[in-house]
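Start from the sequences and build out the full structure, keeping to the hints where you can.
Residues per chain are reported as follows:
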Amino acid sequence: MDLTLKIWRQKNAEEKGGIVEYKVNEISDHMSFLEMMDVLNEQLINEGEEPVAFDHDCREGICGSCSLHINGEPHGPDAGTTTCQLHMRKFKDGDTIFIEPFRAKAFPVVKDLVIDRSAFDRIQHAGGYISVNTSGNTQDANAIPIPKVDADKAFDAATCIGCGACVAACKNASAMLFVSAKVSQFALLPQGKVEAEERALNMVKQMDEEGFGNCTNTGACEAECPKGISLENIARMNREYLSAAFSADPQ
Amino acid sequence: MSWLTKTLSSSIGKKVLMAITGLFLCSFLIIHLVGNLQLFKDDGGYAFNTYTVFMTTNPLIKTVSYVLYFSILFHAFWGIYLEYQNKKARPVGYAVSNNQGSFASKNMAILGTIIFVYIAVHLSDFWYEYKWGHLPYVTYTEELATGEITSIESLPEGYTQEVKMLETFDEAAGTKSTTVKDLYLEAELAFSKPLLVIFYVLSMLVLGFHLVHGFQSGFQTLGLNHPKYNPVIKKIGVWIFAILIPFAFAVIPVYFLIK
Numbered sequence: 033m034d035l036t037l038k039i040w041r042q043k044n045a046e047e048k049g050g051i052v053e054y055k056v057n058e059i060s061d062h063m064s065f066l067e068m069m070d071v072l073n074e075q076l077i078n079e080g081e082e083p084v085a086f087d088h089d090c091r092e093g094i095c096g097s098c099s100l101h102i103n104g105e106p107h108g109p110d111a112g113t114t115t116c117q118l119h120m121r122k123f124k125d126g127d128t129i130f131i132e133p134f135r136a137k138a139f140p141v142v143k144d145l146v147i148d149r150s151a152f153d154r155i156q157h158a159g160g161y162i163s164v165n166t167s168g169n170t171q172d173a174n175a176i177p178i179p180k181v182d183a184d185k186a187f188d189a190a191t192c193i194g195c196g197a198c199v200a201a202c203k204n205a206s207a208m209l210f211v212s213a214k215v216s217q218f219a220l221l222p223q224g225k226v227e228a229e230e231r232a233l234n235m236v237k238q239m240d241e242e243g244f245g246n247c248t249n250t251g252a253c254e255a256e257c258p259k260g261i262s263l264e265n266i267a268r269m270n271r272e273y274l275s276a277a278f279s280a281d282p283q
Numbered sequence: 065m066s067w068l069t070k071t072l073s074s075s076i077g078k079k080v081l082m083a084i085t086g087l088f089l090c091s092f093l094i095i096h097l098v099g100n101l102q103l104f105k106d107d108g109g110y111a112f113n114t115y116t117v118f119m120t121t122n123p124l125i126k127t128v129s130y131v132l133y134f135s136i137l138f139h140a141f142w143g144i145y146l147e148y149q150n151k152k153a154r155p156v157g158y159a160v161s162n163n164q165g166s167f168a169s170k171n172m173a174i175l176g177t178i179i180f181v182y183i184a185v186h187l188s189d190f191w192y193e194y195k196w197g198h199l200p201y202v203t204y205t206e207e208l209a210t211g212e213i214t215s216i217e218s219l220p221e222g223y224t225q226e227v228k229m230l231e232t233f234d235e236a237a238g239t240k241s242t243t244v245k246d247l248y249l250e251a252e253l254a255f256s257k258p259l260l261v262i263f264y265v266l267s268m269l270v271l272g273f274h275l276v277h278g279f280q281s282g283f284q285t286l287g288l289n290h291p292k293y294n295p296v297i298k299k300i301g302v303w304i305f306a307i308l309i310p311f312a313f314a315v316i317p318v319y320f321l322i323k
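Sequences listed follow chains L and A, in order.
Residue numbers for the first sequence, in this note's numbering: 33 to 283.
Residue numbers for the second sequence, in this note's numbering: 65 to 323.
Hints may contain errors.
Listed below are the simulated DSSO-like cross-link pairs for lysine-lysine, each with C-alpha atoms no more than 30 Å apart in a straight line [unchecked claim]:
| id | chain 1 | residue 1 | chain 2 | residue 2 |
| --- | --- | --- | --- | --- |
| 1 | L | K38 | A | K151 |
| 2 | A | K292 | L | K180 |
| 3 | A | K292 | L | K225 |
| 4 | L | K137 | A | K70 |
| 5 | A | K151 | L | K48 |
| 6 | L | K237 | L | K143 |
| 7 | A | K170 | L | K38 |
| 8 | L | K43 | A | K70 |
| 9 | A | K78 | L | K237 |
| 10 | A | K105 | A | K195 |
| 11 | A | K228 | A | K195 |
| 12 | L | K48 | L | K180 |
| 13 | L | K180 | A | K70 |
| 14 | A | K170 | L | K122 |
| 15 | L | K48 | A | K170 |
| 16 | L | K237 | L | K225 |
| 17 | L | K124 | L | K55 |
| 18 | L | K143 | L | K122 |
| 19 | L | K137 | A | K170 |
| 20 | A | K257 | A | K323 |
| 21 | L | K225 | A | K78 |
| 22 | L | K38 | L | K55 |
| 23 | A | K70 | L | K237 |
| 24 | A | K240 | A | K228 |
| 25 | L | K38 | L | K48 |
| 26 | A | K151 | L | K237 |
Selected chain A positions facing chain L (Cβ under 10 Å, derived; list incomplete) [claimed, not checked]:
| id | residue |
| --- | --- |
| 27 | L68 |
| 28 | K70 |
| 29 | V80 |
| 30 | K152 |
| 31 | G157 |
| 32 | S161 |
| 33 | F190 |
| 34 | L288 |
Keep in mind that the hints were calculated from the coordinates and are not lab data.
These numbers were taken from a predicted model, which means no experiment stands behind them.
Glycine included, each C-beta is placed from N, C-alpha and C at the ideal position.
Rendered as structure tokens:
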């Protein structure tokens with residue numbers, strides 16, 4: 033198929049960017065979206081132009097590196113997939129495809145379609161972990177009984193790959209779905225209870241400092257999340273945060 | 065900052081304040097509607113006008129009404145502030161956006177602003193007129209034996225707009241006379257203007273859209289999300305708060321226009 037691509041080009045973080053139009057021809061249905069981008073970049077290199085920079089790593093939908101806002105949706109038109117798992121058979125010959133970086137004040141553009149998502153790392157560092165002694169007599173995690181329902185919900189939350197599609201989809205660029213998944217995956221398990229209060233307080237504090245917007249419960253994040261993280265997690269984080277705020281000892 | 069101000073100024077705390085004031089305003093709608101249904105009573109406004117006196121003199125209701133005024137202003141201005149903050153979180157927008165949220169959820173601020181303008185118009189039509197305007201007085205004479213009520217427009221001597229209600233009993237005739245400000249007549253006059261009626265009806269449509277998202281969103285923000293109760297909260301939000309209540313309110317001006 034032959035396609036017209038309208039791609040955001042931006043030299044670096046400081047300079048102003050803009051949409052540039054490209055044509056790619058004879059794209060196979062079986063290609064992934066990123067392979068199509070590779071074809072474009074080969075073409076650009078052959079023409080002596082600067083290739084389009086974009087994030088990618090595992091290309092099997094689990095690392096959370098790829099991003100791209102494709103035709104108005106993070107990770108493109110396919111539900112429950114990342115951009116690397118999006119196939120060109122979702123498009124038709126002659127289509128025009130808009131490709132933009134995820135937009136948020138907290139995700140500044142580094143170059144072209146590459147954005148700096150280290151805000152998510154800093155939120156993780158603020159509390160997205162549990163402390164375990166590794167003195168040699170660490171208890172086997174499987175020895176602690178956990179109700180199946182809780183284990184399943186914790187696992188569902190833990191499938192978050194931190195790609196930032198929730199922020200990109202949200203009209204407020206809010207990171208609540210991401211943070212709530214990280215809070216929930218531990219809040220539901222006994223191992224996470226020890227640091228539950230400070231985790232909720234510190235991760236929300238860091239999220240606010242990064243300049244994400246506020247949640248207005250539109251549900252766009254849940255609809256666009258490649259891992260189907262549920263809004264239920266946001267309600268759980270709100271409960272965790274509020275109960276911690278009202279009952280935790282002052283720090 | 066104390067822990068409380070720190071909590072309430074966090075992104076979650078700010079939304080909690082929106083949820084609490086919003087849900088309080090929802091509860092007010094029920095009371096307001098029940099009171100206003102007395103406008104449909106065919107008694108020349110006797111029930112409605114005496115109810116108005118009760119609502120503006122009862123100390124408990126007066127106290128709650130100050131909380132209500134505060135909630136309206138707070139919910140409106142805090143909402144605009146949050147919208148401003150949310151816009152700032154995405155300084156460069158998308159060329160193409162295919163946002164998945166519902167129409168209502170994406171337009172809460174603009175819907176809320178229209179409702180705020182409506183409240184200002186509505187208060188100046190009735191609340192202001194009742195408190196500071198010059199309303200005519202009406203005297204209802206009730207035959208205590210039969211319960212039959214007759215009314216005459218009146219302005220007895222020495223009355224000023226400060227007088228809200230005067231009741232006298234005539235034991236010999238077996239009648240009770242009640243003189244009150246005629247807010248019912250004010251409603252009749254206001255809703256004889258088709259343009260105002262259209263504005264009221266459209267405003268109620270906007271209110272319905274605001275509440276179809278707002279009611280259930282308030283519960284989600286407070287962390288009240290549970291598979292057992294979510295369907296009930298959603299149904300109440302849609303059928304009662306977004307459809308029934310705005311519809312019943314919208315019927316009132318239409319009823320007066322075609323009466």
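Tested hints:
1. L/K38 / A/K151: holds (25 Å)
2. A/K292 / L/K180: Holds, because 19 Å separates the two Cα atoms, which is no more than 30 Å.
3. A/K292 / L/K225: It holds: about 25 Å lies between the C-alpha atoms, which stays within 30 Å.
4. L/K137 / A/K70: holds (23 Å)
5. A/K151 / L/K48: holds (20 Å)
6. L/K237 / L/K143: holds (28 Å)
7. A/K170 / L/K38: holds (26 Å)
8. L/K43 / A/K70: This hinted pair is violated, its Cα atoms lying about 40 Å apart.
9. A/K78 / L/K237: It holds: about 13 Å lies between the C-alpha atoms, which stays within 30 Å.
10. A/K105 / A/K195: holds (24 Å)
11. A/K228 / A/K195: Holds, at about 10 Å.
12. L/K48 / L/K180: violated (51 Å)
13. L/K180 / A/K70: violated (36 Å)
14. A/K170 / L/K122: Holds, at roughly 27 Å.
15. L/K48 / A/K170: holds (28 Å)
16. L/K237 / L/K225: Holds. L/K237 to L/K225 sits at ~19 Å (cutoff 30 Å).
17. L/K124 / L/K55: holds (14 Å)
18. L/K143 / L/K122: Judged against 30 Å, a Cα distance of about 27 Å means the pair holds.
19. L/K137 / A/K170: holds (19 Å)
20. A/K257 / A/K323: Roughly 13 Å between the alpha carbons, so the hint for A/K257 and A/K323 holds.
21. L/K225 / A/K78: holds (26 Å)
22. L/K38 / L/K55: Measuring from Cα to Cα gives roughly 9 Å; hence the hint holds.
23. A/K70 / L/K237: Roughly 9 Å separates the two Cα atoms, so the pair holds.
24. A/K240 / A/K228: The given pair, whose Cα atoms are some 16 Å apart, holds under the 30 Å limit.
25. L/K38 / L/K48: holds (16 Å)
26. A/K151 / L/K237: Holds, because 20 Å separates the two Cα atoms, which is no more than 30 Å.
27. L68: holds (8 Å)
28. K70: holds (8 Å)
29. V80: holds (7 Å)
30. K152: holds (7 Å)
31. G157: holds (7 Å)
32. S161: Result: holds, 5 Å to nearest chain L Cβ.
33. F190: violated (32 Å)
34. L288: Where the cut-off is 10 Å and the nearest Cβ of chain L is about 7 Å from A/L288, the hint holds.
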